[in-house]
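So you can see what is in the structure, the chains are spelled out below.
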Amino acid sequence: MASMRDIKRRKGSIQSTQQITKAMKLVSTVKLQKAKSRAEETNPYFNYMYKTVSSMLARSGGINHPYLTGSDSKKKAVILITSNRGLAGGYNSNMVKLVTGSDLPKEDTLIYSIGHKGTEALERRGYQIMKDESEVIEAPTYADASAICKEVLDAYTSGEIGEIYLAYTHFKNTVVHEPKMIRLLPVDLGEVETDQSESNILMNYEPNEEEALDMIIPKYVTSLCYGALVESVASENGARMQAMDSATSNAEEMISDLTLKYNRARQGSITQELTEIIAGANAIS
Amino acid sequence: MAEENRVFDIEIITPDRIFYTGKAAMIEFNTADGEIGVYKNHIPLTTVLVPGIVTITGDEGLKTAAVHAGFAEILPDKVTLLAEIAEWPDEIDEQRAEAAAARAKERLAAKTKDIDLARAEFALRKALVRMEIKK
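These protein sequence lines are chains B and R, in that order. What the first sequence shows, in the working numbering, is residues 187 to 471, in sequence order. What the second sequence shows, in the working numbering, is residues 365 to 499, in sequence order.
It is possible that part of the hints are untrue.
As the list claims (entries may be wrong) - What the simulated footprint calls covered on chain B by chain R, stretch by stretch (three residues with Cβ under 8 Å from a Cβ of chain R suffice, anywhere in the stretch; the number is not a length): (1) 234-242; (2) 394-407.
What the hints assert, rightly or not - Chain R residues, not near chain B, derived (Cβ > 12 Å throughout): (3) R381; (4) A396; (5) L413; (6) T421; (7) L439; (8) P453; (9) R471; (10) E485; (11) L492; (12) E496.
Think of the hints as simulated: they come from the structure by calculation, not from any bench. Positions of the beta carbon are idealized from the N, C-alpha and C atoms, including for glycine.
The following block holds chain R by itself, in its conformation from the complex:
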């Protein structure tokens, strides 16, 4: 198959901006059911995103970004990620992420009755993804 036949459109949209649009041969991201990689002609699928790193394999090599929460719609020739938050590595403040991770861990360790467990866990995962992508 010719090279150009393997590429498909990718759109990553957040509430504040169109984060990324372009063509790529493969995109990998984290869903509620685990990590998936998508090539062209994937079966149509709508799935829920969890905090993770999105890797786009395109013409200009690899591109990575942190995406937290949202959902993805996969069509044979197009993948759209509707993300609530998406960041390029250079937009992430590592120190802030580290502080947030420490805070969330503390909260989870304390296990007091009134904490929102789901929220603390979500915060921790977000912070860990941010730290990971920085490395």
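Pulled out of the complex, with its shape left as it was, chain B reads as follows:
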């Protein structure tokens, strides 16, 4: 049996770890609240943008626009959103697995990474990192998203890349976060569902359909990116909160286990001491 002092030391160390995890949980809870309300504020824009663009594309099936048809380039760009800090459970490794486990060939995939963890993990696995914009994830703004998207879109229009994917963590609710990979460009027409009643309206475009698409698609991509950033931040804090919560309760369990062991050891040592004293006294008399 471990000595009393060993058990005591171990208990102390677990206790201080528990204090840290508890504090981290509190911090991420506060951050989660903030991120969650931001995600909720962004949602209407995000949804409306998606709806408008989908219905626009559904109605304008005949348009032969590079944003819809794609280019011949085999290269695929992935905008990957992870976090800068770890200790968030499976949050980062899920995102990395999503990319490595997808059917995108490694040599043709260009990563535009937001978040140190994803950059590091994919670099190690031999992916080509085109850009690392990790500081953005601390406080994402629409301007940040637009800067990143502009770069990717430029590469797309110049024909360097043929497809753009966006990998992020969808924030379903505080406990459920879902890693997601969506194809931004060329726009996935197969997935677009349109409201029958609305698609019957004959929409006019100014200046004309092609030019309107030219202006709106980049905004669509940017807004999806921004929405993904905001949701990912919320998911990250949610994941961290959960991870820290379970760490705290695990520590609690270990502490109670060790307390029991400590008391048993203490009792054992007292009994032993008593037996020794009695035996000694007996020997003298």
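Dock chain R against the given chain B, drawing on the hints supplied.
Same frame as chain B, now just chain R:
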């Protein structure tokens, strides 16, 4: 036509918030093809916004706001502006706008090779709209 029949829904949405929702009889804004005013039962139209002042004529009188970039979807009974930036007059810092206008003008005047002309022009227009709405 009765008064209430002339109003329609207006929504102005930005990435950070729902900027404005309400009913109005008319809305005016700046598009890539020039200024337009929209009444109820306008033909369906999707158009691109450029920096400008949005004027909403509603029950509570006139409301103005600065809107920069985005697009508008007009349906017979609803107008939605998806704006990247939208501001009420009291949210605008006039001094900052003036400084930005001066900076953009300087950049345009300098005409060095490496400047992003479109960006400087956009900045100038944004600043001018902000200054105008303050007056």
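Hint-by-hint comparison with the structure:
no.	hint	result
1	234-242	holds (count 4)
2	394-407	holds (count 5)
3	R381	violated (5 Å)
4	A396	violated (6 Å)
5	L413	violated (9 Å)
6	T421	holds (22 Å)
7	L439	violated (7 Å)
8	P453	holds (21 Å)
9	R471	holds (18 Å)
10	E485	holds (16 Å)
11	L492	holds (20 Å)
12	E496	holds (23 Å)
Checked against the numbered hints above, the structure breaks hints 3, 4, 5 and 7 and satisfies the rest.
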